[in-house]
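Protein chains: 2
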Amino acid sequence: MTNKECQWGGEERGILIVLSGPSGVGKGTVCSALRSMSKDLVYSVSATTRLPREGEIDGVNYFFKTREQFLSMIDNEELLEWAEYVGNYYGTPKAFVEQTLASGKDIILEIEVQGALKVKEKFPEGVFIFLLPPSIDELQNRITNRGTESEETIRKRMTAAVEEISLSEHYDYIIVNDKVEAACNRIRSIMVAEHCKKERYLPKIKKWIEEVL
Amino acid sequence: MTNKECQWGGEERGILIVLSGPSGVGKGTVCSALRSMSKDLVYSVSATTRLPREGEIDGVNYFFKTREQFLSMIDNEELLEWAEYVGNYYGTPKAFVEQTLASGKDIILEIEVQGALKVKEKFPEGVFIFLLPPSIDELQNRITNRGTESEETIRKRMTAAVEEISLSEHYDYIIVNDKVEAACNRIRSIMVAEHCKKERYLPKIKKWIEEVL
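Residue numbers (this note's numbering), protein chains in the order written: chain A, 789 to 1001; chain B, 789 to 1001.
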């Protein structure tokens, strides 16, 4: 489905897909489905200072780091973004993303809305996709159905979701998550389209024209 | 495959797809295959002063015009582009494109490289796709196989093709026409992706946020 392996070869470098959206929209479900549909798609592995849980493998589930190691990664700008959550650090190692892209593979990063915008600052050439719930009612349902929270909690979550949705203007594409498979197909189409962008071909075309003329 | 019929409704207006590429690349074949794959896709009908051939229907194959009518369309800026070829005028009526887009349908215009760039001047919001041959050898084969032309003619055509390919920098996407079905699938992916562009959703999202907050 891509322009791979042709003389004009626009495919040398992979594409970073950043998938985000408001809390409760189903980013994780879409991302998992996408990975099982697209076997070549690499998943961005986060670094964390949290201890490994049983069965978790270093370099697969997370890159497990000591606090000192993580702080040194921050200082050396080795992270595309990072955040502290319940006493632990989490972040996206730049090197893993860079190595994957250089090998010609696409990589997907599933991340909350604020984190995605931090990634955009350091990696504007990424493709930023914002997942929307099919409707506001549906968003409210998803937020409510998570548990038996108070009305106050639900209202707060709703306000947070609205604030998150307002940040969608900083993304490249907006996908409505009406059905997981349909959302995945749209993302796969975006990936194909991004691989067909003229910028990926012009250097080789220009070189070829210089040789021919 | 699109975000159709959702509350965020980015789908009100169709998209103009302009398909171009060097002479002999197979634009017509790809465009026909695409139309039979995508039944909802409307084909842009050209206006011409040439007389209808047997079986040709006005408004289907062409909009047949008198010379006076055509010149008046030029004067009134009713054409996205026009050209004279072997004593007859040919052009793309703006109204037909506009009406199709307003009805929410996508429309495809198959056109040679120079014509596409004229359309871009008047309709920059169109999606401009440049079709490339899979290789230079293949391009030469296609040019040569058309008939039994002299080497001089073939060389001239090749130079023309190189000049046409150099104009690919003004397009949005580049598609390699290695296999017709694969090329069509890439174009369909581009159409899905273009329908997911954030610009199509932001007005409704902003309106909704103003209502909610």
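Certain hints may be false.
Because identical chains share one entry, a pair is satisfied inside a single copy or across any pair of copies.
[Claimed, not checked] When the alpha-carbon atoms are kept at most 27 Å apart in a straight line, the in silico DSS-like pairs for lysine-lysine are as follows: (1) K827 to K985; (2) K985 to K893; (3) K910 to K985; (4) K944 to K893; (5) K827 to K944; (6) K995 to K853; (7) K910 to K995; (8) K882 to K995; (9) K944 to K910.
Hints were generated in silico from the structure; no laboratory data involved.
Results for each hint:
| no. | hint | verdict |
| --- | --- | --- |
| 1 | K827 to K985 | both (23 Å within a copy, 25 Å between copies) |
| 2 | K985 to K893 | both (16 Å within a copy, 23 Å between copies) |
| 3 | K910 to K985 | both (21 Å within a copy, 22 Å between copies) |
| 4 | K944 to K893 | neither (40 Å within a copy, 40 Å between copies) |
| 5 | K827 to K944 | neither (38 Å within a copy, 46 Å between copies) |
| 6 | K995 to K853 | neither (45 Å within a copy, 44 Å between copies) |
| 7 | K910 to K995 | neither (30 Å within a copy, 30 Å between copies) |
| 8 | K882 to K995 | neither (31 Å within a copy, 37 Å between copies) |
| 9 | K944 to K910 | neither (30 Å within a copy, 48 Å between copies) |
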